[in-house]
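S.K.: Just need the whole structure built from these sequences, with the hints factored in.
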Amino acid sequence: MIIPLRCKNCKDILTGDIGDYLFFCRECSISYLLNGDRLSPVNTFESDSVEGYTHLLPLYLYDITVDYTVFASKRQEEVAQLIGRELKMVVRGFTTIDPVYFGDLELATADSINQNKLQLRPYTIRDKNFRLNVRPDVAERLLRYNFMRYFDRRADITGLKYNLTTNAMGILFLKATLKEKTIYLSDLKKELPSYAILSI
Amino acid sequence: MYLKTKTIKCPECGSPVPCGNFSEISTCSHCNTPLLIKIEGDNPEYFIKANIDLMDTTAILISRLRHFLIAGDFIKNSRIITRSILCIPFYYITGYRCGEHIIEETDRYTDERRIDTKVLQSSFKYSTLASRLPGLNKLNINLEKVISDGVPLIPAGNFNHNRNEILIRPDALIDPESFITHQFNTHNEKIKSDIIIENCVVIYYPIIRVVLKYRTNIYHFSIDGLNGDILYGIAPESINIRFIPMAVSAFFTSLFSGGIINFISKSILSGAFAIWIMIIPVFISFIMTVFFFIYVAYIFYKNHGEIVIVGNRIEVNKLNIPEETKVERFFKPIFNFMTKAAKKNQSRFR
Numbered sequence: 001m002i003i004p005l006r007c008k009n010c011k012d013i014l015t016g017d018i019g020d021y022l023f024f025c026r027e028c029s030i031s032y033l034l035n036g037d038r039l040s041p042v043n044t045f046e047s048d049s050v051e052g053y054t055h056l057l058p059l060y061l062y063d064i065t066v067d068y069t070v071f072a073s074k075r076q077e078e079v080a081q082l083i084g085r086e087l088k089m090v091v092r093g094f095t096t097i098d099p100v101y102f103g104d105l106e107l108a109t110a111d112s113i114n115q116n117k118l119q120l121r122p123y124t125i126r127d128k129n130f131r132l133n134v135r136p137d138v139a140e141r142l143l144r145y146n147f148m149r150y151f152d153r154r155a156d157i158t159g160l161k162y163n164l165t166t167n168a169m170g171i172l173f174l175k176a177t178l179k180e181k182t183i184y185l186s187d188l189k190k191e192l193p194s195y196a197i198l199s200i
Numbered sequence: 001m002y003l004k005t006k007t008i009k010c011p012e013c014g015s016p017v018p019c020g021n022f023s024e025i026s027t028c029s030h031c032n033t034p035l036l037i038k039i040e041g042d043n044p045e046y047f048i049k050a051n052i053d054l055m056d057t058t059a060i061l062i063s064r065l066r067h068f069l070i071a072g073d074f075i076k077n078s079r080i081i082t083r084s085i086l087c088i089p090f091y092y093i094t095g096y097r098c099g100e101h102i103i104e105e106t107d108r109y110t111d112e113r114r115i116d117t118k119v120l121q122s123s124f125k126y127s128t129l130a131s132r133l134p135g136l137n138k139l140n141i142n143l144e145k146v147i148s149d150g151v152p153l154i155p156a157g158n159f160n161h162n163r164n165e166i167l168i169r170p171d172a173l174i175d176p177e178s179f180i181t182h183q184f185n186t187h188n189e190k191i192k193s194d195i196i197i198e199n200c201v202v203i204y205y206p207i208i209r210v211v212l213k214y215r216t217n218i219y220h221f222s223i224d225g226l227n228g229d230i231l232y233g234i235a236p237e238s239i240n241i242r243f244i245p246m247a248v249s250a251f252f253t254s255l256f257s258g259g260i261i262n263f264i265s266k267s268i269l270s271g272a273f274a275i276w277i278m279i280i281p282v283f284i285s286f287i288m289t290v291f292f293f294i295y296v297a298y299i300f301y302k303n304h305g306e307i308v309i310v311g312n313r314i315e316v317n318k319l320n321i322p323e324e325t326k327v328e329r330f331f332k333p334i335f336n337f338m339t340k341a342a343k344k345n346q347s348r349f350r
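Each protein sequence line maps, in turn, to chains A and B. Using my numbering, the letters of the first sequence map in sequence onto residues 1 to 200. Using my numbering, the letters of the second sequence map in sequence onto residues 1 to 350.
Calculated cross-link-like contacts (lysine to any residue; reagent style SDA-like; alpha-carbon spacing at most 20 Å):
{"#": "1", "chain 1": "B", "residue 1": "K145", "chain 2": "A", "residue 2": "Y101"}
{"#": "2", "chain 1": "B", "residue 1": "K38", "chain 2": "A", "residue 2": "N35"}
{"#": "3", "chain 1": "B", "residue 1": "K49", "chain 2": "B", "residue 2": "R209"}
{"#": "4", "chain 1": "B", "residue 1": "K125", "chain 2": "A", "residue 2": "T95"}
{"#": "5", "chain 1": "B", "residue 1": "K118", "chain 2": "A", "residue 2": "R149"}
Since the hints were made in silico from the structure, they are not lab data.
M.R.: Right under this line is the structure:
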């Protein structure tokens, strides 16, 4: 498989590394996601918080529609009404943090976005200070389980039947600051221990 | 650098672009287009650079083996035949095990059946050997720990092939996906799990293989290229020098134990006179046995040397004994007498 790394808009050279799935054009600020054997343009977002950061942690951001077909309990119906049919879900996009810490990170981010605690705005990539190394197809498979966990936190999912449709996909950059002993996630006001960082 | 053996066509201008066995970003020399070349079914490959130099292996072997043999004899009679760094491939696989676990419960009082579904999502990190070369399965390497320790991983494209460093390619028959599926096979119908492999990386781990000839035998050693631990190898043992004191001490031990049995049996069967007749040789044999045990320990102590490497030379220094203890001072004339007697009668033993 051979893919020319040139912007489809201005024909400038795309910036990216081997093992990465996100490439960007410095000239016209378009980002491209490598999905299978083709590069397709993708929207990138960041939170509108003004806090400083040193690292960007990329996450896949999905707009999903959930059609609930069978509810097994009253509680499930209530939760379905609470979270709505259309919501945003988040899936990890990088592997540099120990997966043990990811579960909460994803659900907390999705919660903050769906409850409008985290306002998003388009982000223009200027520097290569991130690494998106989770394959898009892996993220797509994890999305379903992330939704199940999201729902299961509020009500038992037994007997619930639903169809999940992805409307749009983008990349969300979480802001993080690396301190001596912790990773501070300013968007979520959370801290992770420094040993959560992995080299792969 | 590795050799670029294949050529592909640039999709922009059609001119040939050389490429090798690894995925890489290359540039077309004709139209300067950067090209992302992905080898089908190719996992990213990294290698770990050995911290141990090949020339250090002599020092490692001697320092580790000095407890197993008489140092001087080993240095005199051993010869390293070959030594090379083998980069052994491992699959380092990370991913997720997702699914549902259906738990059925029956209420004790109402007999009502309840079904609870737990959503599973756990991550895994596994490493497995990617080659079936004979002898490699005996190597016990904790790759997960090495990676979590932050050892730098260098892309395999930068590997410098030479006579002493050999990169062993992964075996095509070993499938990392089936290995992981096998690991999580629970045979439990109530657990529906989905294995998602996130990242499968080939990591080449440096193992220094030393082939050594000591006296008439050939020994193979595998040394960890990162920390110098001997991972596999059988230590040569020189028993020639130890044989005489061991045989003598064994003789007196048997004499002593035989004396005890004799003493007990006589004391039961006969009167007090017979006991006193027996007690003298038993006591003498006991004293001699104790002395011979101490003597054997002394010989081991004397022959145990510290090995010092000075430039290209290897020297054996006798252990620096700080001060003579009271016990040593007491036993020294007896040891000297025994050593002299042993030397005098050495020809007879031969």
